[in-house]
Amino acid sequence: MTGSSVLMKQINRDILKLAVPSILANITVPLVGMADIAVAGHLDSDSAAMIGGIAVGSMLFDLLYWNFSFLRVGTGGLAAQAYGRGDMRECARIFLRAAGIALACALLLIAVQWVFVSMAFAVVDCTDQVRELASMYFFVRIWAAPATLGLMAFKGWFIGMQDSVSPMLTDLVVNGMNVFMSIVLALGISVGSFRYEGIGFAGIAAGTVMAQWTGLLSAVIMLLVRYRRRVFSGMSLADVAGVFRGEQTRRFFVMNSDLFVRSLCFIAIYIGFTTISARYGDLLLATGSIMMKLLLLFSYFTDGFAYAGEALTGRYVGAGDKGMMRSTVRWTFLWSMGIALVFMVIYRFAGMMMLGVMTSDMAVIDMARCYMPWLLMMPLVGCAAFTWDGIYIGATASKDIRNAMLWAVAAFVCTWGIGIHVLNAANTSGDAVYGMSGACSSGECFAAACSSGATRYGILAMHILMGAYFAHLLARTVYLSLRYRRL
42 MTGSSVLMKQ INRDILKLAV PSILANITVP LVGMADIAVA GHLDSDSAAM
92 IGGIAVGSML FDLLYWNFSF LRVGTGGLAA QAYGRGDMRE CARIFLRAAG
142 IALACALLLI AVQWVFVSMA FAVVDCTDQV RELASMYFFV RIWAAPATLG
192 LMAFKGWFIG MQDSVSPMLT DLVVNGMNVF MSIVLALGIS VGSFRYEGIG
242 FAGIAAGTVM AQWTGLLSAV IMLLVRYRRR VFSGMSLADV AGVFRGEQTR
292 RFFVMNSDLF VRSLCFIAIY IGFTTISARY GDLLLATGSI MMKLLLLFSY
342 FTDGFAYAGE ALTGRYVGAG DKGMMRSTVR WTFLWSMGIA LVFMVIYRFA
392 GMMMLGVMTS DMAVIDMARC YMPWLLMMPL VGCAAFTWDG IYIGATASKD
442 IRNAMLWAVA AFVCTWGIGI HVLNAANTSG DAVYGMSGAC SSGECFAAAC
492 SSGATRYGIL AMHILMGAYF AHLLARTVYL SLRYRRL
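Residues are numbered in the working numbering as their position in the sequence shown, beginning at 1, plus a constant of 41.
FYI, nobody ran anything at the bench for these hints, they're computed from the structure. Ideal Cβ positions, reconstructed from N, Cα and C, are used throughout, including at glycine. Errors might be hidden in some of the hints.
With a straight-line Cα cutoff of 20 Å, these simulated EDC-like cross-link-like pairs (lysine to aspartate or glutamate) come out [stated by the list, open to error]:
1. K363 / D55
2. K58 / E173
3. K334 / D407
4. K50 / D362
5. K440 / D299
Cβ pair distances, simulated, as ranges [unchecked claim]:
6. V156 / V47: 51 to 61 Å
7. A152 / L48: 51 to 61 Å
8. F294 / Y525: 20 to 30 Å
9. I240 / A360: 28 to 38 Å
10. R526 / V295: 17 to 27 Å
11. V61 / R320: 39 to 49 Å
12. Y525 / F221: 52 to 62 Å
13. Y237 / A467: 53 to 63 Å
14. L417 / Y237: 12 to 22 Å
15. L417 / L278: 50 to 60 Å
16. I387 / A152: 38 to 48 Å
17. V383 / Y237: 37 to 47 Å
18. Y237 / K363: 17 to 27 Å
19. A391 / H462: 29 to 39 Å
Make the full structure from the sequences, and use the hints.
Take a look at the structure:
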């Protein structure tokens with residue numbers, strides 16, 4: 042067996058060792074979102090408003106938590122490089138620094154929760170019913186903030202330590218508990234003579250709170266079992282107190298300022314998608330929420346290889362091994378593109394079945410059918426964008442990650458702005474296809490709009506919105522591909 046064959050097997054073994062546990066854990070993540078929407082969709086006859094409440098309530102937490110994604114992203118890259126250098130003391134400092142910041146940020150979020158909700162709904166445009174449901178969801182789920190932000194720090198550090206089993210077990214605990222407790226607390230349960238009626242919509246958020254705290258407890262246990270002696274032995278109180286001093290601390294905050302800008306860009310795009318779809322009524326808001334869940338389904342598989350690329354790239358950057366880093370990037374991309382092709386086939390032949398799992402509301406299903414072709418185009422550019430993110434994170438190339446997202450926001454805004462301008466111009470000119478109030482067209486999508494109360498204008502606007510989301514993924518992929526040679 043040649044040296045190149047041995048190297049190839051070693052790289053692929055390392056990639057799969059890190060990727061497979063992450064994929065197994067990630068498989069349960071969309072199930073949580075689907076379960077929440079499915080529970081909301083079966084709670085009341087007005088399931089579109091319930092689904093919209095979940096969508097807007099979840100968006101509010103994304104607005105909060107994406108600001109702190111550096112707790113996972115920055116921690117993972119720095120820990121991987123320290124691991125590559127064999128510096129276990131620095132690995133311990135990185136974890137303690139991230140955990141301390143996570144706790145401080147969580148307490149701040151709890152303190153400003155009422156202010157945040159008031160400011161958010163000054164911007165988010167939705168019906169009164171959706172606003173009431175989303176607010177109820179938020180004020181219950183906010184009490185999971187310390188656990189949620191703490192888990193970000195744990196997950197990033199575990200991945201940096203080349204350990205994807207610990208975050209997998211933690212995610213399985215969190216997501217399994219989330220699905221079970223949300224169903225039980227919202228819909229109730231009956232076992233023999235015991236019967237619990239459930240608390241309705243608020244039970245979905247309460248189930249998430251219980252799941253997050255259970256997951257944090259499991260992460261702490263795994264940290265103590267696997268790393269207490271290997272990494273944290275010999276740490277004194279003076280060492281703990283000094284984790285926020287020194288050059289590495291300065292580097293941590295400089296890097297995370299770039300990652301914070303990246304998070305704001307993600308938020309801008311996500312707010313844009315949700316608030317724009319909310320303008321066209323609860324039906325299109327529910328449809329957009331379901332399509333987003335399906336569009337990102339493949340990312341939970343691709344992220345496994347992105348995490349592997351992050352861990353291994355950071356490891357070899359820390360060790361100064363450029364050859365292994367280049368080989369890791371090449372093979373990580375081959376695996377990721379394979380995932381993209383698989384999901385293009387799944388979306389083509391099982392897309393409608395997925396819609397039926399998400400909701401029993403036929404109006405929402407009929408409307409979502411109009412946007413199924415977008416599912417076939419997203420995986421190729423999406424998988425490439427997510428994989429590049431992992432590689433750049435491992436290399437702690439934070440400026441390139443930040444700039445890629447700035448270009449992505451520009452692509453999203455320009456695509457939406459130009460598209461809606463053309464649509465408005467066509468509508469103003471009285472075009473029979475684009476008109477908002479003319480006779481119903483014979484097409485399947487327009488027929489669904491007429492029967493559900495949505496407008497043809499709204500349907501076409503949602504197509505433009507889906508195109509804007511596609512454009513942001515494409516911009517990330519192109520920019521990071523061009524910058525890789527310099528990296």
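Outcome of the hint check:
1. K363 / D55: holds (16 Å)
2. K58 / E173: violated (45 Å)
3. K334 / D407: This hinted pair holds, its Cα atoms lying about 17 Å apart.
4. K50 / D362: Holds. K50 to D362 sits at ~17 Å (cutoff 20 Å).
5. K440 / D299: Distance of about 6 Å is within 20 Å: holds.
6. V156 / V47: 51 to 61 Å: holds (59 Å)
7. A152 / L48: 51 to 61 Å: The hint (51 to 61 Å, Cβ to Cβ) holds, given that A152 and L48 are roughly 52 Å apart.
8. F294 / Y525: 20 to 30 Å: holds (26 Å)
9. I240 / A360: 28 to 38 Å: At 53 Å between Cβs, range violated.
10. R526 / V295: 17 to 27 Å: holds (24 Å)
11. V61 / R320: 39 to 49 Å: holds (42 Å)
12. Y525 / F221: 52 to 62 Å: violated (43 Å)
13. Y237 / A467: 53 to 63 Å: At roughly 54 Å between Cβ atoms, A467 and Y237 fall inside 53 to 63 Å, so the hint holds.
14. L417 / Y237: 12 to 22 Å: violated (43 Å)
15. L417 / L278: 50 to 60 Å: holds (57 Å)
16. I387 / A152: 38 to 48 Å: Holds - the Cβ-Cβ distance for I387 and A152, about 44 Å, lies within 38 to 48 Å.
17. V383 / Y237: 37 to 47 Å: Check passed, 40 Å falls within 37 to 47 Å.
18. Y237 / K363: 17 to 27 Å: violated (59 Å)
19. A391 / H462: 29 to 39 Å: Since the Cβ atoms of A391 and H462 sit about 36 Å apart, the hinted range of 29 to 39 Å holds.
Hints 2, 9, 12, 14, 18, counting from the list given before, are not met by this structure.
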